[in-house]
Structures are given as structure tokens and as C-alpha cells.
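2 protein chains.
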Amino acid sequence: MGLKVYGHRMSQPARAVYIFCKMNGIEFEEISVNFFTKKTASPVFQEINPMKQVPAIVHGTFKLFESHAILRYLACAFPGVPDHWYPADLQKRAKIDSVLDWHHLNLRHGALRLVQAVALAPKLGRQPNPQVAIEAEKLLSESLEKIETFWLQGSGPFLLGNSEPSIADLSLVCEIMQLEVLDDKDIDRILGPHKKVQQWMEDTKTATKPHFEEIHGVLFEVKAELQKQRLLGANNA
Amino acid sequence: MGLKVYGHRMSQPARAVYIFCKMNGIEFEEISVNFFTKKTASPVFQEINPMKQVPAIVHGTFKLFESHAILRYLACAFPGVPDHWYPADLQKRAKIDSVLDWHHLNLRHGALRLVQAVALAPKLGRQPNPQVAIEAEKLLSESLEKIETFWLQGSGPFLLGNSEPSIADLSLVCEIMQLEVLDDKDIDRILGPHKKVQQWMEDTKTATKPHFEEIHGVLFEVKAELQKQRLLGANNA
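If you read the protein sequences in the order shown, they are chains E and V. To convert, note that position 182 of the first sequence is 184 in the numbering used here; the numbers rise steadily by one, no gaps. To convert, note that position 1 of the second sequence is 3 in the numbering used here; the numbers rise steadily by one, no gaps.
Think of the hints as simulated: they come from the structure by calculation, not from any bench. No experiment lies behind these values; they were computed from the predicted model shown. The reader is advised that the hints may include incorrect statements.
Computed far set for chain E versus chain V, every beta-carbon distance over 10 Å [as the list claims (entries may be wrong)]:
{"id": "1", "residue": "D99"}
{"id": "2", "residue": "P130"}
{"id": "3", "residue": "E215"}
Which bits of chain V does chain E cover? Going by a derived footprint, with three or more residues having C-beta under 8 Å, they are [what the hints assert, rightly or not]:
{"id": "4", "stretch": "34-40"}
{"id": "5", "stretch": "105-113"}
{"id": "6", "stretch": "137-143"}
Mimicking DSS-like on lysine-lysine, the simulated pairs with C-alpha atoms at most 25 Å apart in a straight line are [to be verified]:
{"id": "7", "chain 1": "E", "residue 1": "K54", "chain 2": "V", "residue 2": "K94"}
{"id": "8", "chain 1": "V", "residue 1": "K198", "chain 2": "V", "residue 2": "K94"}
{"id": "9", "chain 1": "V", "residue 1": "K54", "chain 2": "E", "residue 2": "K198"}
{"id": "10", "chain 1": "V", "residue 1": "K6", "chain 2": "E", "residue 2": "K94"}
{"id": "11", "chain 1": "E", "residue 1": "K148", "chain 2": "E", "residue 2": "K54"}
{"id": "12", "chain 1": "E", "residue 1": "K140", "chain 2": "V", "residue 2": "K6"}
{"id": "13", "chain 1": "E", "residue 1": "K54", "chain 2": "V", "residue 2": "K225"}
{"id": "14", "chain 1": "E", "residue 1": "K94", "chain 2": "V", "residue 2": "K125"}
{"id": "15", "chain 1": "V", "residue 1": "K41", "chain 2": "E", "residue 2": "K6"}
{"id": "16", "chain 1": "V", "residue 1": "K225", "chain 2": "V", "residue 2": "K198"}
{"id": "17", "chain 1": "V", "residue 1": "K125", "chain 2": "V", "residue 2": "K148"}
{"id": "18", "chain 1": "E", "residue 1": "K6", "chain 2": "E", "residue 2": "K94"}
{"id": "19", "chain 1": "E", "residue 1": "K197", "chain 2": "V", "residue 2": "K54"}
{"id": "20", "chain 1": "E", "residue 1": "K140", "chain 2": "V", "residue 2": "K41"}
{"id": "21", "chain 1": "V", "residue 1": "K6", "chain 2": "E", "residue 2": "K54"}
{"id": "22", "chain 1": "E", "residue 1": "K41", "chain 2": "V", "residue 2": "K148"}
{"id": "23", "chain 1": "V", "residue 1": "K94", "chain 2": "E", "residue 2": "K94"}
{"id": "24", "chain 1": "E", "residue 1": "K40", "chain 2": "V", "residue 2": "K140"}
{"id": "25", "chain 1": "E", "residue 1": "K197", "chain 2": "E", "residue 2": "K230"}
Where a beta carbon is used, it is the ideal one built from N, C-alpha and C, also for glycine.
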């Protein structure tokens with residue numbers, strides 16, 4: 003039964019799904035749906051996901067969207083996925099669900115709004131919005147502080163003190179990675195105070211190489227392009 | 003192994019957990035943590051949930067927060083919970099996860115911000131915020147439209163066309179119920195256009211009686227109190 007993943011490598015939840023599949027030898031067809039050019043609003047894609055967002059999957063005739071639901075499903079539906087990604091043990095699983103649910107209105111909401119209000123506004127056809135950026139950075143910094151002081155408590159290098167990564171590590175680290183498109187001084191200001199977060203990101207990259215770097219290639223290209231534009235803008239000013 | 007549920011009957015996700023337990027004969031100790039008086043910020047409660055939010059549970063020595071994670075856990079950890087609440091079938095379960103994940107940044111974000119910006123602002127020690135209210139109502143109305151036209155597609159009366167309610171129905175209907183504290187004309191404007199949503203709410207109430215009405219009793223008391231204050235304010239003006 004074939005698996006199609008509709009996504010885009012500039013979408014952080016789509017990247018998490020791609021990396022998960024590659025890490026676990028799950029074969030899939032990668033179908034790029036460009037949200038910058040509003041391909042997510044096309045009638046064809048709305049048949050897959052009426053919410054007009056990536057990622058979405060089609061597995062045989064089964065359609066599914068929302069990246070956390072997809073990651074949970076793939077971890078259970080494909081044989082041979084190591085237990086640490088989404089443990090069968092009810093209490094271990096519930097803790098990972100708790101991180102994933104917390105993520106939406108905290109880290110995700112902060113990081114996504116900040117990046118869209120600042121760096122990606124022109125690409126999305128919007129004006130940069132400084133007021134939204136201020137509120138979003140506040141939520142983002144509070145969320146990073148919670149990761150630093152609570153979710154990364156414990157002896158292991160991963161969330162919840164685990165010794166191996168789960169789908170929550172993948173989802174949250176991919177989310178933070180989008181900050182790469184900001185100016186380097188902004189990244190330093192936001193991530194600088196959070197040493198454990200930085201180490202955890204490195205550990206997650208290491209645990210998922212070479213797929214992590216490969217899937218993030220497009221993000222690094224966009225980062226370089228935006229950095230060039232900022233330099234040009236500064237020189238012109 | 004005893005179950006303690008830390009919550010408050012004015013918290014919509016806490017109400018969903020209470021109703022779920024009562025519907026499924028899960029015995030629990032209800033421990034009220036009043037977020038209006040900032041009891042969620044007490045050191046004792048932060049030992050349970052450092053995010054300072056209700057609901058949270060303690061099951062034996064196992065602590066858990068985030069209502070969707072709690073509902074998933076309870077549905078699996080307690081024997082005898084009927085399958086329709088959170089099906090064992092992977093694809094049926096994934097669809098329910100998809101609704102639950104979608105909920106956070108859509109219906110929940112819209113409804114919660116609207117109610118806090120308008121009706122509950124004084125109780126929370128804040129000024130009403132008309133700009134937030136406008137943005138929140140827009141997101142709320144779009145979310146209700148998605149429920150009406152997409153999530154309630156299908157032959158059964160519940161989300162995803164199911165013939166019996168799931169934890170997603172309980173979570174989403176409890177969320178919408180908080181609109182009761184708004185002025186009746188605002189409720190009519192927001193819910194009026196969504197006939198299928200209204201019918202689904204009635205069906206969910208019927209499927210979970212008498213617990214639904216009992217657990218919402220405090221909300222109806224607050225509604226009456228706020229309505230009285232509005233009338234007094236109008237008369238004084």
C-alpha cells in the first residue's frame with residue numbers, strides 16, 4: 003500500500019514527517035505543495051486537506067492531515083519502527099502526547115507567528131508586523147524557557163529525560179529550526195540563553211543524520227537568500 | 003490505584019475530563035484549583051503541573067497534564083471504556099487525533115481568546131480588549147464553519163460521521179459551551195449560522211446526560227451572574 007506525503011521542505015511539520023519516514027525506512031512519494039504560491043488552496047489539494055495546510059498523507063485510500071496525528075499513525079502503522087519514537091507503554095506514550103499537545107499553543111504558535119511576521123512576510127505577500135513579532139517572541143522565549151527548565155529535565159539528552167528521541171523531539175526541533183531564516187543577531191538573542199535547548203537540538207540532529215541536514219537543505223538556501231537581501235538593504239540604506 | 007483530577011468547572015478542558023470519567027464509571031477525586039484566584043500558580047499545584055493550567059491528573063504516582071493527552075490516557079488505561087471514545091483501530095484513531103490536533107490553533111484559540119477578551123476579562127483582572135475580540139471571533143467563526151462543512155460531514159450525528167461520540171466530540175463541544183458566558187445576542191450571531199453545529203451539540207449533550215448538564219452547572223451560574231451585571235450596567239447607563 004503506497005504512501006504519499008504532501009508537503010514542502012519550508013514547512014517545519016512537513017520536515018518532521020519526511021525525516022521520520024527516512025529514519026525508519028518508510029518508503030514514500032514526496033509530493034511538493036508550495037504554500038508560498040498558494041498551491042495548498044488548489045481544488046486538487048483541498049481534496050486531500052480541506053484545511054489547506056501541509057503536511058498531509060494518503061496511505062492507500064486513507065487520507066490524514068495534522069502532523070502530530072500523522073507521526074502517531076506512521077509510528078503505529080508501519081512495522082519495525084523502534085518503540086522509542088512513540089512507545090507502546092501507556093504512561094510513556096501519554097507523556098509524549100502531553101508534549102505534543104502543549105506544543106501547539108506555545109512553541110509552535112510563538113515561532114510560527116514570529117517567523118511569518120518578520121522574515122517570511124514578503125514571501126507570503128504580507129507586510130512585516132512588528133507588534134505581532136513582539137508578542138510572538140515573548141511567547142517563543144517563554145516556551146523555550148519551559149523546554150529548558152522542565153521538558154529537558156532528567157538524565158537523558160532528549161525530552162522527558164529520554165535516552166532516545168521521540169516524535170516530540172522531532173516535531174519541536176524542526177519547529178525551532180525555522181528560526182534559521184531570521185537575522186543571526188535575532189537568533190542569538192532568542193536561543194542564546196537556552197544552553198540545554200541548543201545541546202538538545204544538536205543531539206537530535208546527530209540522532210537523525212544524515213536525513214536531518216538533507217531535509218533542511220532548502221531552509222538553509224532560503225536563509226542565505228534572505229541574509230543576502232538584508233545585506234543589500236543595509237548597504238543601500 | 004487512585005485517580006485525582008485537578009481542575010475547575012469553569013475550565014472547558016477540565017469539564018471534558020470530568021464528563022468522560024463520569025460517563026465511563028471511572029472513579030476520581032475532584033480537586034478544584036481556582037484559576038480566577040491564581041491557585042494554579044501555587045507552589046503545590048506547580049508540582050503537579052509547572053505550566054500552571056488545569057486540568058491535570060495524578061494516577062497513583064503518575065502525573066499528566068494537557069486535556070487531550072489525559073483523555074487519550076484514560077480511554078486506554080481504564081478497562082471497560084467503550085471503543086467509540088478512542089478506537090483501537092489505527093485509522094479511526096488517527097482521524098480523531100487529527101480533529102484533536104486541529105482544535106488547538108483553531109476552535110480553542112478562537113473561543114478561549116474571545117471569551118477571555120470580552121466576558122471573563124474583569125474576573126481575570128484584565129481590561130476587555132476589543133481588538134483581540136474581533137480577531138478571535140473571526141477565527142472562531144471560521145473554525146465553526148470548518149466543523150459545519152467538513153468535520154460534521156457523513157451519516158452519523160458526531161464528528162467524522164461517527165454514530166457515537168469520541169473524546170474529540172467531548173473536547174470540542176465543551177470548548178464551544180464556554181460561549182454561554184457571552185451576551186445572548188453575541189451567541190446568536192456566532193452560533194446562529196451553524197445549524198449542524200447546534201444539532202451536534204444537542205446530540206453530544208443527550209449522549210452524555212445527565213453528566214453534561216451537572217458538570218456545566220457552574221457555567222450556567224456564572225452566565226446568570228454576568229447577564230445580571232450587564233442588565234444593571236445597561237440600566238445605570
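Checked hints:
1. D99: Contrary to the label, E/D99 does not stay out of reach of chain V, its closest Cβ about 4 Å off (not over 10 Å).
2. P130: 18 Å, holds
3. E215: E/E215 clear of chain V: closest Cβ-Cβ about 27 Å, beyond 10 Å.
4. 34-40: violated (count 0)
5. 105-113: holds (count 4)
6. 137-143: violated (count 0)
7. E/K54 - V/K94: Distance ~22 Å between E/K54 and V/K94 Cα, so the pair holds.
8. V/K198 - V/K94: Within the cut-off at roughly 22 Å; holds.
9. V/K54 - E/K198: Within the cut-off at roughly 22 Å; holds.
10. V/K6 - E/K94: Answer holds: V/K6 to E/K94 is near 19 Å, not above 25 Å.
11. E/K148 - E/K54: 31 Å, violated
12. E/K140 - V/K6: The hint is violated at about 33 Å.
13. E/K54 - V/K225: 36 Å, violated
14. E/K94 - V/K125: Roughly 37 Å between the alpha carbons, so the hint for E/K94 and V/K125 is violated.
15. V/K41 - E/K6: 48 Å, violated
16. V/K225 - V/K198: 24 Å, holds
17. V/K125 - V/K148: The given pair, whose Cα atoms are some 31 Å apart, is violated under the 25 Å limit.
18. E/K6 - E/K94: 29 Å, violated
19. E/K197 - V/K54: 24 Å, holds
20. E/K140 - V/K41: 23 Å, holds
21. V/K6 - E/K54: 40 Å, violated
22. E/K41 - V/K148: Given pair E/K41, V/K148 holds - Cα atoms ~20 Å apart, limit 25 Å.
23. V/K94 - E/K94: Holds - the C-alpha atoms of E/K94 and V/K94 are around 22 Å apart, at most 25 Å.
24. E/K40 - V/K140: Holds, at roughly 21 Å.
25. E/K197 - E/K230: 28 Å, violated
Going down the numbered hints, you'll see the structure goes against 1, 4, 6, 11, 12, 13, 14, 15, 17, 18, 21, 25, while the others check out.
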